[in-house]
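Visitor: Here's the letter readout for the chains.
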Amino acid sequence: MASTPPEERVYVKLISAEGHEFFVDKEIAMKSSTTIRTMLEGHFREAQDNIVRFPDISSYILEKVVKYLHYKVQHTDSKLRVPDFPIEPEIALELLIAAKYLEC
Amino acid sequence: MYIRVKRRNQTYFINCTPENTAGFVKEQVALATKESWKTDQMRLIVPKNNQVLKDDEPLAKHTENDSELHVVFQISENEWESVDVESTLVAAS
Chain A
1 MASTPPEERV YVKLISAEGH EFFVDKEIAM KSSTTIRTML EGHFREAQDN
51 IVRFPDISSY ILEKVVKYLH YKVQHTDSKL RVPDFPIEPE IALELLIAAK
101 YLEC
Chain B
1 MYIRVKRRNQ TYFINCTPEN TAGFVKEQVA LATKESWKTD QMRLIVPKNN
51 QVLKDDEPLA KHTENDSELH VVFQISENEW ESVDVESTLV AAS
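Sequence lines, in order, name chains A and B. Read in the numbering used here, the first sequence has 87 at position 87, and its numbers run on one by one without any break. Read in the numbering used here, the second sequence has 43 at position 43, and its numbers run on one by one without any break.
For the record, the hints were derived by calculation from the structure and aren't laboratory data. There may be inaccurate statements among the hints.
[Claimed, not checked] Below 25 Å or equal to it, Euclidean Cα-Cα: the simulated SDA-like pairs (lysine to any residue) are:
1. Lys26/A with Thr33/B
2. Lys67/A with Ala98/A
3. Lys31/A with Gln51/B
I would like the entire structure built from these sequences, with the hints used as guidance.
Guide: Okay, structure coming up:
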């Protein structure tokens, strides 16, 4: 699944509204979210220091999103039956808004 | 699989296999912090029983996909950070 050798992995930092920092494998982030890929590929400041801030997304939602990004990359092109991704109903709306923004 | 390694207000999502060791995870955390901390300045802790993992222990023994571990860094010669993880759970309303 991981095509980059572990010692060469780059981690990007995603920061939530409360300032919680999530360190994620850059390859996974770029593969699963169009918005993140665009931010990190262009000539934005984010691309230089590999840090993306999300002042409108709370820590709990951002953590759920990052879990989803891993789930998505893990099961893309999988031939086996893909397990469900559990979502608590009370966060579904906020999660939907974040997912729309991140295009993932 | 991946595991979430937490410390203060940070979460490191580390991609790994069940055969990988605690030492591997520490190396990835070091990579993620751009080598601000070396692996021997870190301790990986299993939240359930506060057990400190040895570098050669396989992850399969204590974790599975999406498991949570805690990490603390060594502040100085004899001092280690206390385990103080910011919760990212939804507050019960």
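Visitor: Please go over all the hints and tell whether each is borne out by the structure.
Guide: Going through the hints against the structure:
no. : hint                 : result
1   : Lys26/A with Thr33/B : 13 Å, holds
2   : Lys67/A with Ala98/A : 13 Å, holds
3   : Lys31/A with Gln51/B : 35 Å, violated
Checked against the numbered hints above, the structure violates only hint 3.
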